[in-house]
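Respectively, the protein sequence lines represent chains A and L.
The opening position of the first sequence corresponds to residue 2 in the working numbering, with each subsequent residue numbered one higher.
The opening position of the second sequence corresponds to residue 8 in the working numbering, with each subsequent residue numbered one higher.
It is worth saying that the hints were derived from the structure and are not from the lab.
The beta-carbon is built from N, C-alpha and C at its ideal position, and this holds for glycine as well.
Please note that the accuracy of each hint is not assured.
Claimed, not checked - Every beta carbon over 10 Å from chain L, so not counted as near; a handful from chain A, in silico:
#1 37
#2 110
#3 123
#4 264
Claimed, not checked - Distance ranges between label pairs, derived from CB positions:
#5 A:285 x L:183: 36 to 44 Å
#6 A:219 x L:240: 49 to 57 Å
#7 L:125 x A:284: 35 to 43 Å
#8 L:77 x A:216: 34 to 42 Å
#9 L:146 x A:216: 21 to 29 Å
#10 A:232 x L:157: 39 to 47 Å
#11 A:232 x L:125: 38 to 46 Å
#12 A:111 x L:381: 40 to 48 Å
#13 A:152 x L:183: 51 to 59 Å
#14 L:87 x A:285: 32 to 40 Å
#15 A:121 x L:50: 54 to 62 Å
#16 A:285 x L:143: 34 to 42 Å
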Amino acid sequence: MIRRVLLIAVPYLWLLALFLVPFVIVLKISLSDIALAIPPYTPTLDFSAGWEGIRTFFAGLDFENFVWLTQDDLYWKAYLSSVWIATFSTAITLLVGYPIAYGMARAPLEWRPTLMMLVILPFWTSFLIRVYSWMGILSNEGFLNQLLLWLGLIDTPLIILNTNTAVYIGIVYTYLPFMILPIYAALERLDDSLIEAAEDLGCSRLTAFWLVTVPLSRNGIIAGSFLVFIPALGEFVIPSLLGGSQTLMIGKVLWEEFFSNRDWPVASAVAVVLLLLLIMPIVLFQRNQQKQQEAET
Amino acid sequence: MSETEFAPWLNPGEKPLIRFRNVTKNFGDFTALDDLTLDIYEREFFALLGPSGCGKTTLMRMLAGFETPTRGTIELAGKNIVPVPPNRRAVNMMFQSYALFPHLSVWENIAFGLKRDRMPKADMDARVEKMLKLTRLEKFAQRKPHQISGGQRQRVALARSLAKAPKLLLLDEPLGALDAKLRQDTQFELMDIQEKTGTTFVIVTHDQEEAMTVASRIAVMDHGRIVQADTPANIYEQPNSVYVADFIGDVNIIEGTVSPTGDGKFSLHWKEGQPPLTATSDRPFSAGDACHLAIRPEKVAISAQEPEEAVNVVKGKVLDIAYLGNLSTYHVELPTGTIIKAQTANTRRLSNRQITWEDTVWLSWTVTAGVLLAE
Ligand SMILES: Nc1ncnc2c1ncn2[C@@H]1O[C@H](COP(=O)(O)OP(=O)(O)O)[C@@H](O)[C@H]1O
Ligand SMILES: [Mg+2]
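The shape of chain A in the complex, shown without the other chains (with noise of 0.2 Å):
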């Protein structure tokens, strides 16, 4: 008995520690008031007043942060402009990385090692060196410009840094392991002799992949999917990095909202927000994780 509740307590206590605790601090940050001071918000609790001063503490908050974010049209603007970089980057992200999970799977069984290697080779250096790397390869001067004019193909530099194609490239660039890690997962069990059957049934070999390969590897198409849009909602170094001054991302308004302005209450409701906002696709995903163990217990 006490070993079952230790067994269930555990997780518990890790959920409440690292993601509830802090959760509530913040939360209770977004409800106080801006003030000059260190912290740089009111109320702050005030256990030697006793009583009296949990009751100030709780009629010191209020919701008036969460007001202001309906009244600012820059925070709707700046989320609904994540969430459609994020879809966005998604989307090419997905494109780019199943045609390369494909030849992974299809790959010879020797080979597999290595080019799993090569797709986790990158995270083995700084993420911010990489980030920084792609400004050298797109600014003007940069590498990829210095390429194509050598080619001939382009007379005057492209500018691509610092607008919302080098966030896109970023987020693609930075993000695409997490696509091909779970397609690669649910394409290398795919048992070749499907796709005979369904082309001795009369399917082409597209109409194959159409009918069977995708719809078998959906498990894994969402969980990258997931997987890539989850941490590309909230990015703030990629669009402060790569992007321009009108790449409007919510990670960099929260940032402002923290070190520029110092307005930690705001930022903290601008953080709330985003938390709820991602709830939704991360309790889907956890959906779909589970649905896929079932079906392979």
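Chain A is already provided as a structure; the job is to place chain L with the ligands on it using the hints.
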């Protein structure tokens, strides 16, 4: 020949449905099929039999269109099908692994090929229903493959491959995964379905009993060649080589040299100091040819007393008795050290059987009991 007997291969005017002409298949420097020539006729239930790795699946996959011959041609109904892709052949295959689509229901699996042909909905429904009925799967139409038993899955695979009414159905070790009882039932079911639908079946198996049961003809293969292709009875009674005789059923092989004694009879000198054995053969052996006499154990009679009028008699000692219920096989050692197996039906009760271990016995057989084989 009577009209009722099905034997199109004996009729020179009959056009074969499938015609392999000098087909060779190389994988790298490995030869999987070696200059193979073979005719298969319409409505046949043709079995490919051979040890693992002899090229049965390769031959089958060529018919389905998944492999192309390195050399030679394959004709289906008079047309060369080598350049035709699998989806354009009137051939369907039941895969060794069944290859059912796990994301589709039993119904959708069976309808899969019909949908590709854009069959009208009503016709398709009727056809699928008919297939479900034929394979007794009506109750499972809405289940997914992982929700039914192995035997049911195998029937779904069969229904799916039959649904398009192919000219030719290929079955690659279709019953490999079934237990003995279910296997036997399914063999009879397959024969029944084959007869009802009139489809030509080519079945791959490594189980000789299965081939004997279901097939109109059997091709015994070895190392990418067909050693003999004939009816089950002829393969059993008239094997053309020691390989075939040994592959199908149990056999005693006695080596020696022959000399013709006229009248289609030959005497086989098989051991110094032993009287020669006599056998008939319609093959022309000349004196001194090395030869093998193949005799089935059930054609060898065993007795405790010396038989009076037998042509071929050898004396020996019972080494071992294998009791198989309906039959007993006696392993008899001759003074020369050769071991000969003799099989008798157990019509008496075990307790009053007269021959037992260490007994001296006489083995005998007639001149036509065995087959003389050159190799
Ligand atoms: N795609 C292939 N590449 C290389 N060798 C193959 C290939 N397919 C079959 N073989 C070889 O050809 C031989 C015959 O195979 P197969 O036709 O599957 O035999 P069977 O079905 O009689 O057991 C085997 O030795 C096998 O290893
Ligand atoms: Mg095989």
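Q | Outcome for the supplied range 32 to 40 Å, where the beta carbon pair is residue 87 of chain L and residue 285 of chain A | A | violated (53 Å)
Q. Is the nearest CB of chain L more than 10 Å from the CB of residue 264 of chain A?
A. Fine: 51 Å to the nearest Cβ keeps residue 264 of chain A off the interface.
(Q) A range of 21 to 29 Å was offered for this pair. Does it hold for the Cβ distance of residue 146 of chain L and residue 216 of chain A? (A) Given a distance of about 25 Å, which is inside 21 to 29 Å, the answer is holds.
Q) Lying within 38 to 46 Å: is that true of the beta-carbon distance residue 232 of chain A to residue 125 of chain L? A) holds (44 Å)
Q | Verdict for residue 121 of chain A, residue 50 of chain L (Cβ pair) under range 54 to 62 Å | A | holds (57 Å)
Q) So the hint says 49 to 57 Å: do the beta-carbon atoms of residue 219 of chain A and residue 240 of chain L match that? A) Once the Cβ atoms are compared, 53 Å apart, the range 49 to 57 Å for residue 240 of chain L and residue 219 of chain A holds.
(Q) Please verify that the nearest CB of chain L lies beyond 10 Å from residue 123 of chain A's CB. (A) holds (33 Å)
Q) Should the hint that residue 111 of chain A and residue 381 of chain L are 40 to 48 Å apart at their CB atoms be regarded as holding? A) holds (46 Å)
Q: Note whether the CB distance of residue 285 of chain A and residue 143 of chain L lies within 34 to 42 Å or breaks it.
A: 41 Å Cβ-Cβ, so the 34 to 42 Å window holds.
Q.
Within 39 to 47 Å: is that where the Cβ-Cβ distance between residue 232 of chain A and residue 157 of chain L falls?
A. holds (44 Å)
Q. Does residue 37 of chain A really sit off the interface, with its C-beta more than 10 Å from all C-beta atoms of chain L?
A. Holds: least Cβ distance 61 Å, greater than 10 Å.
Q: Determine whether the non-interface label on residue 110 of chain A survives the test: each CB of chain L must be over 10 Å from its CB.
A: Given that every Cβ of chain L is farther than 10 Å from that of residue 110 of chain A, nearest at about 16 Å, it holds.
Figure legend: structure checked against the earlier numbered hints; the only hint not met is number 14.
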